[in-house]
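S.K.: Residue numbers (the working numbering), protein chains in the order written: chain A, 236 to 1128; chain B, 3 to 115.
Treat the hints with care, as some may be off.
[Claimed, not checked] To spell it out: a stretch of chain B is covered by chain A in this simulated footprint if at least three of its residues, at any positions, have a beta carbon under 8 Å from a beta carbon of chain A; those stretches are:
id	region
1	13-26
2	36-49
3	76-88
4	100-111
In case anyone wonders, no lab produced these hints; they're calculated from the structure.
Where is the CB? At the ideal position from N, CA and C, for every residue including glycine.
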Amino acid sequence: MRVAVRIRSWAGALLRRRHMEREMDAELRFHIESYAEDLIRGGVPREEALRRARVEFGGLEQTKEQCRDARGITLVNSLLQDARYGLRMLGKSPGLTAIVVITLGLGIGVNSSIFSVVNAWLLRPLPIPHPEQIVDVASATGNSRLSYLDMLDLKAQADVFSDVFGYDTGSGGLSADGKPGQFAYSAVTGNYFSALGVKPALGRLFVPGEGEQRGSPLNLVLGYAFWQKRFAGDPAVIGKHIAVDGRPATIIGVAPRDFHGLLFAFDMDGYLPLSITALGEDGNSLWGDRGDRSLMLFARMKPGLSLAQAQGSVDVVAKRLAAQYPTADRGLEFLVIPERRARPAPRVSSFVPVIATLFLMLPGLVLLLACMNVANILLARAAAREREMAIRAAIGAGRRRLIRQMLTEGLLVALLGGAAGVVLGELAIAAAGALLRPVTTSSAGYAFRIDCQFDWKVFAYTLLAAVLTGIFVGLWPALRAGRADLNALLHESGRGEQGNRHRLRSSLVVAQVAGSLMLLVVAGLLVRSLSHAEHMFLGFDPEHVVSVMLDPHQVGYNQARTKNFYRELERRVRNLPGVNSASLARTVPMAYPSQGSSIFVKGRQLPPDQKPPEISYNGVDPGYFPTMRVPLLRGRSFTDSDSETAPWVAIVNQTMAGRLWPNEDVLGKRFSLKSASGPWIEVVGVAADGQYWFISSDPQPYFYVPLAQDYGSLASVQARTAGPPEAMLPVVQREIQRLAPDMPIMQAATMQETVHGLAGLFIFQLAASLAGILGAMGLLLAVVGTYGVVSFSAVQRTHEIGVRMALGATRGDILKLISRQGLMLVAGGVLAGVLAAFGLTRAMSKVLMGVSPSDPVTYVAVVVLLAAVSFAACWIPARRSTRVDPMVALRYE
Amino acid sequence: MSKQLELLQGTLDLLILKAVSLGPLHGYGILLRIQQISKDRLEIQQGSLYPALYRLEDQGWIASEWGESENKRKAKYYRLTAAGRRQLQAEAEQWNRMAEMIAGILQTKPEEI
């Protein structure tokens, strides 16, 4: 009951706020006047009676405030009032407000755009029912993939899963309506869609078991975007007969618009039955060979089960399989990883978390700098408003009320800044998308898609950042306002800052300089690392080389025809005018795909619990080493006599030689890709180390085998050109068309383009330019902050400067006086920043190429740059203060 | 006139409830009534009366309406509500028990222990 009464009272009072204020006024006035009348009746003169009535009543405003408090409406009431007052104050100085809002907007915008990437990457669930139940089941070794038989065993034996499914990715030729083309697909198990709970946008999806045997009909489910792009969203595609890699296929359905497949950051053009991956001569191994680990497996957990339960269950299955199949499943281990944490791959290389953390921290630092700047501006303004505060306190505003006023103003600017930040962040994301497109579309034929749209999480994050920012920037002036000593302030002449406020603002400058120094050091290191990576020896010479990737399998060539085709193609390319040499290879560095294998060294017994090392390799023909200019250090190169019937040979790189055969002569040593008992491959040469699948600061072991001894239909042809390689690309492509008119070209690029692509320097360029932008923002903020403090203090000291000049101080003396203070702050900040940067960059050593985290060049350059710019920021206001006319200064205020 | 006593903490509410229990009063009237009943021996800061009134009204123990004062002016009159009457009774009982107990303690002589 009481609660209801109070709510009514509160709500009523709130609704009739104005009314209540009037009533309160009338009531208190009635009291005072009645008392005065009584006094008059008692013989006190009228004036004196009114005065005494007011004095004895006590503070009128305080009483009113307490009455409002008693009614419980003060909070809302005064918040509204504060907000209105704050807006008025902001409106009064639009220039200052704009600076504050833009500063905060930049700081918040950087954060929300970075967060939106993290959100898309790590936080956004799959667009399916109960996405939290989907887990990635990965092998603990190799490329994490598992075999079809593993999938069947898990489905049958791991009772924690309601379903287990898998897929492989591929790309192929798709010709429809007489038009050839390329598409990237997922080859999926029949239960792929049903386990995920995906419903078709059109037609039907696969049913469990569909396409899981050799020779199944090729049914195709189109991706939504590809359907729109290739078939103009025509609903009549259902039932359409097309050709996939030259084989007849039928379109049966279209996946929903928001479903893009499970391959992170890419959009699948289509989905084919798993049988598409089991067409060739070795087509039966997919269904029957435990060692054929080509599937990415996923499972849906039964509701309510924990990850630990699931892991426990698959551990049992793995042990059972390892015991049952000691050759194929030796040391088998399954990892159960929630789908969201398995992006981009279940076991990513170790530097991804480092980069991610770094790029979440740096924008945070920028926001902190922006906050300090704004806090500084608000503090300076608070100094100018100190008298206003004192007067408000004098007429009865409580301390808390003043603090709240300042906090409200801080929150107001922060929320405005947050709104600006959302706009800037959206722009940044759009710009980044445009920047990324050329790089990402050229690689591997997959449509790159990272959906950084601002959803509620990004807005929530931005709002949180804005509120924290508001509290941060409002708090200091608020605490100052709360501590304001009425008497001292009202008596003070208004000149000269109080010591401790000055100390506070000074320490903000020190922190700002330090923070921006850290940002600049990180940016500097990444830029130096990029430049080093651009100029380092890659293990080959990317200048004047083009590479074109083909897959005759896509147009239905068999092995013999494929081999003939490549032989003829290489001959023709070599004879093209303007081509110095040509070669064939399975792949080229930094281009999709890569292949690797377990390595068994002859005559070396592995301890039973140890797994054989996993090493990447390439199949190349004799022309590869001269064409790519890969230096051969020892032994011989491949020759035409290293045919498929000749003894198997390999050329290893220095790192592999040093790791597998330390202190031994590596030539003549033997190893196997299959088992500890052969068949053996003999090492015939040693090649220089280089960069292979992706650029890494650690040397990677690698080896080459003759292409003739490593058949695969997917291969690429390289040509070393005499002139500009760009001009040669269309010539090579024309030659391919002439030889095989319907052969789709999977990838055609100069080696320089490939080296700058996604697997190459792109990530370094991205990191360097992002850090560069953040560093520039940090520098700008530090300069503005320093300039603000020094010029404010110069203005405050105008009177003092006037006196000094009148007493004979020279301009040089004044310049020294004013700038010294600023320079001391800068020096302090630089020192603190260098120490902090040493700590921060230590974690970066993994992502730096050929640059030490404590690289002296970077540190010296950054310190000099920051010091020079800050010096200018101190010097300009200091110089202005020397131009003060002593007479004007003395009359100042 | 004997020396004025300062109001004990928390007793102002009780005094206000008592004062309005005798009939509706405006704020100034409540002050006068309390002074009259206490024979001017209590000192009440006039301003402090109103936050207490607002609080009591907020709690639903007194209700207010505008009426005409004895000098023909508009004034806000407070009266006790039913809940307020119960509250007054409870608080008065508690106060009496407390006063008796304190008095008893203070009258204790050494030989009684």
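S.K.: Would you check chain A against the region 36-49 of chain B, counting CB to CB pairs closer than 8 Å, and say if three or more residues qualify?
M.R.: Three-residue rule met by the region 36-49 of chain B, so holds; n is 3.
S.K.: With a Cβ-Cβ cutoff of 8 Å, does the region 100-111 of chain B contain at least three residues near chain A?
M.R.: Per the Cβ count (0), the hint is violated.
S.K.: Is the coverage entry for the region 76-88 of chain B by chain A consistent with the three-residue Cβ rule at 8 Å?
M.R.: Coverage by chain A holds for the region 76-88 of chain B (4 residues, Cβ < 8 Å).
S.K.: Are there three or more residues in the region 13-26 of chain B whose C-beta lies closer than 8 Å to some C-beta of chain A?
M.R.: violated (count 0)
The structure fails hints 1 and 4 (numbered hints given earlier, in ascending order).
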